[in-house]
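K.L.:
Work out the full structure, taking the sequences as your base and the hints as a guide.
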Amino acid sequence: MKSRFINFAVKEFRHIFRDKRTLLIIFGMPILQLLIFGYVISNEIKDAKIGIYNPSGDYLSMELTTKLTSSGYFIPEMILNSQQEIEPALRSGKVRMVVAYQPDFAQKFFKEGISSVQLITDASDPNTATLLVNYATAIVNDFAVQKGISGQSTTPFDIRVRMLYNQDMKSVFMFVPGTMALILMLITAMMTSISIAREKELGTMEILLVSPLRPTQIILGKVLPYVGLAFTNSLVILLMGYTVFGLPMRGSLGLLIGVCFIFILLALSLGILISTAVKTQQIAMFISMVGLLLPTILLSGFIFPIENMPKILQWLSVIMPPRWFISAIKTIMLKGEGILFVWKEMLIMFSMSILFIVISIKKFKVRLE
Amino acid sequence: MLQKEFIQVFRNKTMLPIIFVVPIVQLLVLVNAATFEMKNVNIAIVDNDHSAISREIISHIEGSPFYTIIPTEQSVDNAINLIHQNKADAALIIPNKFESNLRNNQKPSVQLLINSINGSVAGLTNAYTSSILLKTIQGDLSKSVHAENFKIPQINVVPRYWYNQEINYSHFMVPGILAILVTIIGMFLTAINLVREKEMGTIEQINVTPIRKHHFIIGKLVPFWVIGLVELAFGLFIGRLIFNIPIEGSLFLLFGFAAVYLVFALSVGLFLSSSASSQQQVMFMAFFFMIVFVLMSGIFTPAESMPQWAQYFNLINPLYYFMKVIRMVLLKGANFKEILPYFLSITFLAVGMFSLAIGKFKKTV
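Chains A and B supply the protein sequences, listed in that same order. Using our numbering, the letters of the first sequence correspond one by one to residues 1 to 369. Using our numbering, the letters of the second sequence correspond one by one to residues 1001 to 1365.
It is worth saying that the hints were derived from the structure and are not from the lab. A few of these clues could be false.
[Said to hold, decoys possible] Pairwise CB distance ranges, derived in the manner of DEER restraints:
#, chain 1, residue 1, chain 2, residue 2, range
1, A, F143, B, P1341, 31 to 41 Å
2, B, R1240, A, N81, 18 to 28 Å
3, B, I1218, A, T204, 31 to 41 Å
4, B, F1066, A, V244, 32 to 42 Å
5, A, G57, B, N1156, 12 to 22 Å
6, A, T232, B, G1359, 50 to 60 Å
7, A, V244, B, I1069, 44 to 54 Å
8, B, R1240, A, I257, 48 to 58 Å
9, B, N1105, A, G254, 53 to 63 Å
On a predicted model such as this, the values are computed, not experimentally measured, just so you know. For every residue, glycine included, the Cβ atom is placed at its ideal position computed from N, Cα and C.
P.N.:
Quick look at the structure:
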């Protein structure tokens, strides 16, 4: 009986490994994703193209312009000569922001004590627009303090900023845990649900069911290879985060692996649950996409901070398994905390998997009759 | 043949929910979730000075909608602990004798600790907090240090947010999501539908019929092309209804561009389906391409801030063009002349991909 089970599992393994293309994607995808997240997607704005409209033309406004453009955030792309040129410049997308000085900028500043500068941004991309305004405002304020308080060339006090856990504010610190969650979900939950649904759709499931293998063994044999794949993959992601992106491993590796295993178990039980409920691969795919991938990307705090979402979505995120996984991974890896800080997450994930398994066993039996 | 395909698509009970439920779910969830807008930064403040100026700083922070102040036991250790436990995102520590040192020009320093696992949030928190501190102290100095009739000159910064005055994030996200939606319909559904035919063996039956290769391809693709455009219209309608997104430019222009774009997406679907043998495989490949195209397209972060090589890649990324055009037309009211370069690029890509896909597709299995 046992050897028969092993044979079955080995057969399933071969099945997956024969499909070189899928395999390549399974291992290539997380690597590519990490590279994109690490090098391409950053919320940092640099070299934003700006236009300068300066009817004043005095030394103070020129100096401020130099200060803005030497900050690294802005590149002076266009010099505008009239107010009419502002609109087409922004609309065509050639510049993201126009800095418009008022006439007699320096004179107003020194004589009247106040002068003003307009930052006209293209808020069709509000994220970028607000960031640009924030950067520019900080630079202008700093400049005003420097020029305004005579005798004092610097601000009268210091702000010592300490960035905890992620000194260089690399966005990849956010993305490694998220990518792990996404890949584990994708491989374990989605692949298992599709591959079991495939057997059902093609009618081969019935053949398996009349074989001497017990249903549990069939399911186990089907999912075991995916567990192996998922686990190898999470190790690859961790290793890459560590070596290429300098992600720290501050907590215990054992605990981290334990958390990964619980999450894989959870994803598997979800995959099995989906497959017991559906008849065709297309439905399995559809449910996996809408029910698993979207929430994994959106509601787990992977890219977008949960705290900023509307209350309803925050509540919804509580029942999203990846949320707990990502939170636990961050706590262990980046903060270096022990089990005292993650037991809650682990317990929640574990109870979720038990729940899913119980439901699918119930469903499975009904289907056999 | 064409008629039969249409009927089949609509008979399929899974297709209809995909076509009409997905956009609604995506729009509702994505638009609300996908925001970098900052609110609710939990800040712990340790005030060791208890001076007029430190109280003023605290009241300014309290008055900003950006922060929620977390009570502390007034010790640095406690504040750091709160960050460890995720109860606070940042901690501001005002040292003893801050005010008197400030008066004596001794350059005192305040400490700002920020949880920077999310780098962008940390950066913004830093910028906001620093500017509040600077303003408060600057204002205070001009009141007390100098004689009363002397005013410290200031530069008044006036931000103007064009095309989206209320800084409404949904106006930014809805067009982006519509672009993804159209891609999913075009790429995924075509690919899966074709491979299903292969997997079930029905493609062989078609092969023995007198139907010609290009008839088969047209018959398979046209329904999805139409569905893609209908989907775009449906999504726009929902976006208009729920999020009140502006439609500044000409819809005719947008749909014209989408029509060409869909040819590209459909060709990718056709191409993938010719090189895959099972639905699982094709889904995986389609997903892979989607992820790369979507992330690079500038849906969340501006493409111009990406490294040079990524910008070169985007030259062949159709989603990048579509993302740009749909936002330009809807939000900024761009005219044909302004989107012409993108239009030419996408036409070029679509034609190229279509011929590639036709070449790859073989009638025989």
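K.L.:
Evaluate each hint against the coordinates.
P.N.:
Structure-based check of all given hints:
For A/F143 and B/P1341, the Cβ-Cβ distance of about 37 Å falls inside the hinted range of 31 to 41 Å, so the restraint holds. Taking the beta carbon of each, B/R1240 and A/N81 are about 38 Å apart, not inside 18 to 28 Å as hinted. One distance hint, 31 to 41 Å for the beta-carbon pair B/I1218 and A/T204, holds here, with the actual separation near 34 Å. Roughly 35 Å separates the CB atoms of B/F1066 and A/V244, a value that falls within the hinted 32 to 42 Å.
At about 19 Å, the CB distance of A/G57 to B/N1156 agrees with the hint of 12 to 22 Å. A/T232 and B/G1359 have their C-beta atoms about 36 Å apart, which leaves the hinted 50 to 60 Å range violated. One distance hint, 44 to 54 Å for the beta-carbon pair A/V244 and B/I1069, is violated here, with the actual separation near 39 Å. In this structure the hint that B/R1240 and A/I257 lie 48 to 58 Å apart at CB holds, the actual value being about 49 Å.
Restraint check, B/N1105 to A/G254: a C-beta distance of roughly 54 Å satisfies the suggested window 53 to 63 Å.
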